[in-house]
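Chains A and B supply the protein sequences, listed in that same order.
Just so it is clear: in the first sequence, position 92 is 92 by the working numbering, and no numbers are missing.
To convert, take the position in the second sequence, counting from 1, and add 1000; that gives the working numbering.
Take the hints with a grain of salt, since some may be wrong.
In silico DMTMM-like links for lysine to aspartate or glutamate, alpha-carbon gap of 25 angstroms or less [claimed, not checked]: (1) B/1003 to A/11; (2) B/1057 to A/58; (3) B/1037 to A/64; (4) B/1003 to A/87; (5) B/1040 to A/87; (6) B/1067 to A/54; (7) B/1040 to A/11.
Residues from chain A that face chain B, not an exhaustive set, calculated with beta carbons under 8 angstroms [claimed, not checked]: (8) 31; (9) 33; (10) 42; (11) 43; (12) 48; (13) 90; (14) 92; (15) 96; (16) 102; (17) 105; (18) 107; (19) 111.
Treat the hints as calculated values from the structure; they're not laboratory data.
Since the structure is predicted, the reported quantities are computational estimates derived from the model, not experimental observations.
Just so you know, even glycine gets a beta-carbon here, dropped at the ideal spot from N, CA and C.
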Amino acid sequence: SAVISQKPSRDICQRGTSLTIQCQVDSQVTMMFWYRQQPGQSLTLIATANQGSEATYESGFVIDKFPISRPNLTFSTLTVSNMSPEDSSIYLCSVEPWTVPNEQFFGPGTRLTVL
Amino acid sequence: EDKVVQSPLSLVVHEGDTVTLNCSYEVTNFRSLLWYKQEKKAPTFLFMLTSSGIEKKSGRLSSILDKKELFSILNITATQTGDSAIYLCAVSEGGNEKLTFGTGTRLTIIP
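Please take these sequences and the hints and turn them into a complete structure.
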């Protein structure tokens, strides 16, 4: 598997502001993903973070609201822009390592509360 | 639209009981099915299944996939209070590797 860290682990933000979440992996991985888990819900994929090109967004998610960067094979960021209380969720990054294809491992998550 | 359905939604049993959690799916280009355990924020990987009829086992947990009937089960024997968690089933499709998750089963083990 891979060791994945996320920062911050939690934050409380005011509506209208933006927060950038970082995901760092201890080894190079092929695929990195960003998920959202709203209270009481299951996980929903926001986008696939592509190294060296624009992220691929799922239906219902747009780049202006959730800009993503992936400058190399071990690091990605997700920004939640112009936040509203509806953005209060757990945000999780996941990776699929080269060494274990077909298996995805999750970071510890970021719990975001928007007031 | 791809769909993953888990049942039951919640389950409360006594310590020592055996439980079976169910996951059925409909996807257009099935690649694999994964089980996760979620206690706080991060889902913890349990099993990945790609072949029908081959049981994966880890201690008291085991899982099997039926690709003909499009479902999987997760068994936990001799349950312990530490097994209390939400168990998530997810299906991966070929070509894009993204996971579609079910709603999860919330398992509570009573001492």
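Item to complete: Hint by hint, work out which the structure violates, then give me just those numbers in ascending order.
Response: Violated hints: 1, 2, 3, 6; rest satisfied.
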